[in-house]
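**Student:** Chain by chain, the residues run as shown.
There are 4 protein chains.
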Amino acid sequence: MLRHVRKLKVAVVGAGYWGPNLARNFAASPDWDLVAICDRDDERARALADRTGAAVEHSVDELLDRRQIDAIAIATPARTHADIAMAALSAGKHVLVEKPLADTVEAGRRMVRAAQQRGLILMADHTYCYTPAVVKIKELIENGELGDVLYVDSVRINLGLVQPDVDVFWDLAPHDLSILDFVLPDGLAPDGVTAQGADPLGSGRSCVGYLGLTLPAGALAHVHVNWLSPTKIRQLVIGGSRRTLLWDDLNPQQRVSVFDRGVDLQRQADMLGDSSRRKAAQISYRLGDTWAPALPEYEPLGRMVAEFAASIREQRPARTDGGAALRVLAVLEAAQRSLTQGSRCQSVTRPEPSLEVVG
Amino acid sequence: MLRHVRKLKVAVVGAGYWGPNLARNFAASPDWDLVAICDRDDERARALADRTGAAVEHSVDELLDRRQIDAIAIATPARTHADIAMAALSAGKHVLVEKPLADTVEAGRRMVRAAQQRGLILMADHTYCYTPAVVKIKELIENGELGDVLYVDSVRINLGLVQPDVDVFWDLAPHDLSILDFVLPDGLAPDGVTAQGADPLGSGRSCVGYLGLTLPAGALAHVHVNWLSPTKIRQLVIGGSRRTLLWDDLNPQQRVSVFDRGVDLQRQADMLGDSSRRKAAQISYRLGDTWAPALPEYEPLGRMVAEFAASIREQRPARTDGGAALRVLAVLEAAQRSLTQGSRCQSVTRPEPSLEVVG
Amino acid sequence: MLRHVRKLKVAVVGAGYWGPNLARNFAASPDWDLVAICDRDDERARALADRTGAAVEHSVDELLDRRQIDAIAIATPARTHADIAMAALSAGKHVLVEKPLADTVEAGRRMVRAAQQRGLILMADHTYCYTPAVVKIKELIENGELGDVLYVDSVRINLGLVQPDVDVFWDLAPHDLSILDFVLPDGLAPDGVTAQGADPLGSGRSCVGYLGLTLPAGALAHVHVNWLSPTKIRQLVIGGSRRTLLWDDLNPQQRVSVFDRGVDLQRQADMLGDSSRRKAAQISYRLGDTWAPALPEYEPLGRMVAEFAASIREQRPARTDGGAALRVLAVLEAAQRSLTQGSRCQSVTRPEPSLEVVG
Amino acid sequence: MLRHVRKLKVAVVGAGYWGPNLARNFAASPDWDLVAICDRDDERARALADRTGAAVEHSVDELLDRRQIDAIAIATPARTHADIAMAALSAGKHVLVEKPLADTVEAGRRMVRAAQQRGLILMADHTYCYTPAVVKIKELIENGELGDVLYVDSVRINLGLVQPDVDVFWDLAPHDLSILDFVLPDGLAPDGVTAQGADPLGSGRSCVGYLGLTLPAGALAHVHVNWLSPTKIRQLVIGGSRRTLLWDDLNPQQRVSVFDRGVDLQRQADMLGDSSRRKAAQISYRLGDTWAPALPEYEPLGRMVAEFAASIREQRPARTDGGAALRVLAVLEAAQRSLTQGSRCQSVTRPEPSLEVVG
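Chains as they are written, first to last, in UniProt numbering: chain A, 1 to 359; chain B, 1 to 359; chain C, 1 to 359; chain D, 1 to 359.
Bound-form chain A, shown alone:
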């Protein structure tokens, strides 16, 4: 990367849980100049600004008025994302938004449209798409190492913070959904979504959630998210026609394993219409080697802020652009509908993916 390029100026809005991580990475980036921290809670903003050498702003309006910036990064509650983003886009700023992009597809769509109309970058901080493991998984799928994707099972459970505003689907599933959008050959494009949730504590929102996505060609993706689990599990299995992959994010010694193990079904022309007994005879099992690729070590958020800068400079959509974020929102909304309809399978409206083209 050429160092003589001017650094881009960015402000971080929201100094709560996630904002400090963004601020730290912008501050450490060769691409970025962290100009300001903006938070209604002045003390919180001040503390973060002190640690990162940035100025403090109390409101987004003041921020946009007073600071010469290229971009803002939004790390506020999801229901406030759209308003802040729209203000920033109107002011001609590029926008990075913490996941989920917005709290409705409709709001997200407005954001995407506004960015598109002004030729600005709108990017979601789908952090996992910048981890060494997920990048490797995408590569393995692209190279055909797994064959066709047959099923996906993702478990993300923990004794987590019960959020005041969102349920466990909106809090945790964006991780799984954005990963699927990134690694699946066709992105996140389920034919249908079913959801089941439980609120056994009476907290007013689902704390335990299950999400089923019917993918094209009969494949099924399933996601289990849970705030109440005493054990922490973060595992993703991708079953392929050639090999099966396990990503165990809590096993630093072997995060990604590829199993040359599986069930094969020989389907031959002359077998059609045959009895199940003979069909069974055509099933065979592979019990081959296991292989765990070495993964490079780097901080995903560092890569993420670099991608934000690169997409601005190169005037191209970011890896996790608004379109990707909309596809995640569309699934979350379909899940919400399924929850209220006895887990009935819901179709997913294509959230106009063609929109995300930077002029």
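There could be a bad hint or two in this list.
Treat identical chains as interchangeable: a pair holds within one or across any two.
As the list claims (entries may be wrong) - Each computed SDA-like pair below joins lysine to any residue, with the alpha-carbon atoms no more than 25 Å apart: (1) Lys232 x Glu62; (2) Lys136 x Asp260; (3) Lys9 x Arg319; (4) Lys138 x Asp260; (5) Lys136 x Ala292; (6) Lys7 x Pro317; (7) Lys9 x Asn21; (8) Lys7 x Arg350; (9) Lys136 x Gln253; (10) Lys7 x Arg118; (11) Lys7 x Glu43; (12) Lys9 x Asn251.
If you are wondering where the hints come from, they were derived from the structure by calculation, not from laboratory data.
Let chain A serve as the given structure and place chains B, C and D on it in line with the hints.
**Tutor:** Same frame as chain A, now just chains B, C and D:
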């Protein structure tokens, strides 16, 4: 146990995968005299008979005609259970049936009714209900150690044999469902059942399956069964209002763990109608000790055949009686319906549990 | 294998802990005809004979007098091995002996000599050398996959039975030592042996033991054996100049892992005499992939009795012949000496390995 | 803690690997005012000073001349500790030293004596003694939960940096030894020490090391340290007469487990002189519950710098004072001697523990 009691005579029908386990345990039991092995495949029957000191019969009719027996144990394909059981009950024999009891609720109901009318024992071989771990789990729930059951998550995945006749739900989920029936305070009595399955290999039946059960009082039980997983997992989490339990059946050093860890929600009268922010403030987290009870070691099938004998002698329903088996079948059938209706939640007809009273 | 070859006749001496395993495998073998079980405890002998279709003998003398046998298998306490084996060899029988071969090198040497003089097979039941994992490890080392062996660390700890006659070294370390003898390019030929033991319960013998072996070329092998550990561990690490191998015998899903990971030291001529700082600069780290080879599944004891038969028929030393067993005894004796001399390193007398040549 | 107490002023000497951790914790501490960073490498010092708001000094002499400080913290190579510490003590400063305290017992003794004579605090940064796990282990031993300590086995292996100046014993074993000194009822007071090391890479120093300590009353402590292991293990087992404890530092979900499991030996007066067979009959096994205490979460280094301040203010020895550090050095030196004498057991001179009394 009094040794002078006459041994009961039993024959095992079916010498395939499971029959040999039953035969071995009957042969080793002080309660039972294994009289005969019956299988259409004479060679298979002969081999098993030789190992267990039993005679051989080619058909159930011949068996019932020629042998003085008190009971038969059926370990044939599920679709044949009902006919064999009905013949044996008609002949006045007590009957033990490998899970699932039958391939439809209707067939199971006929079996239960026939046994009831003749005052005979009909028992399902729900083997897991005789394991040290499950017996301990039931005890912990009964003693209130877990508090109210808030959610259940069961995973039973493996590179398993794709069965020629049944899908993964009928093959594996009876384990999970019979365990739930045994340990839950009210047995297996879900308000609704949703199911999602995938057959990514085109084998003609689901190889990957997810089952959601809405339990009374807002609790949710979820079961993941899978024949295609490269890794083997058998884990059951039972989240309670006081503590949470994890049964990891593949960790012989710590099968059952009880976590004094969880989320508490203080619901106070004056909080009603309050803002979510104040509600959130009432959530607290316990991060207490973990405790793994020592488990005795014994062979579950030995306990199971002993229970069969005891229920016959004491003229009382067995631990895993026909009623328990019917409740499992009712859920499997509801799941089947849900599969064909886009995962829509299905209600479960109470399968006449009052029937199972031995005259 | 040619089935028309006459089956060899064998008797098992000792029906305690290990004898039944040998008897079961001889009985199931196409190579062997299990003729008799011999044990002073008639009831124990009878029970085993009944299960395996063999006759019963009360003493070795009667056995050798009355039975037409080709070979005996000895599974009695170690201190009795030599007498029984010498009697059998004198009677012209081939001999298989449970580990350890004898309770002294001297006794073992007599056995080896007697077998050699009469052209009979003397073989030790070093069972682990017939497991899929150990066979694979030997193959990997032979093929140069690991490079030169730099260090070996073996841990075999458990809550085990405190033996009445032998300490933890003689009980457990023969496993580790026989494995090393089998897989190391030069066999078990340490330059020196140090041992440290503890008897914290005052049982009269070491219950916790550590064994250090200095191997040729500066390599070190270390063995930890322990009867008192609450956790069960069976792990062997073999560090090589190219790759490092981990055998975790209690992880059925990934028993053998090969790590392309390690420390490299560039030693260049012009570096000699250089400062440690520059030396350090020449150290580099490889963080490559991990690979877990698929292992076949078979019963090691089945392979072991097949090897016994093959070595008799082919008149060649068995894989785990008397010479291998003597090398194990020589290390155990050196360890015993080290224990009584403040862990001082002891040299190991070569136990005449050239002896074991079948005429 | 009273906030009106004057903050103590400290400088950190050494801005390499460990210094930044110390600096960060001093900077964040309410007890300390981090005044300066001192390193020969000005750039390194500057970078650390910038991050922590401290000034920069190029040499210790300049530091002591120009800065008003109460204490210094030394994080330089071990061979330089003594000179820097002596200079600081002469200048009347309290001293904290990264482990190991010095590179010889003799040097350490001089430091302890100098501190004592001037009534200054000399403290070793034995970080592990401030971790929640080790504090809990000490508490469990003190409360008698484990009974008498029968054996200790510690494994600390990793693919670690081969150090240019010290071998693996001096690099890693101070962790294990300082933990033992802290948790054992009588501190680290072995009767003898044996060591075995290997340098399979020809790096000029041991990269694989085993250390055996004979503790009073027949107990044995063993330490395995290794820079070349492809897998990372940090496990400590403490076998007690009542229970056994396992600390698995890499299992965040269950770091400390207490097993009510073990071997009991009934030693009765009338048993003395009895045969081993009857002795064996008196051995019994407990297979009780496992218990994993919840551990608080805090940063150990924060506690450590707080203890440094408290010991200065209260004019009392620190938890990990010079005496503790000397006991660690004495074992390391005995190990060095054992290495050069064929692993022969070496006695450990008591390193004048009575010295460490603050006037």
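**Student:** Which of the stated hints cannot be reconciled with the structure, identified by number in ascending sequence?
**Tutor:** Of the numbered hints, 1, 8, 12 do not hold.
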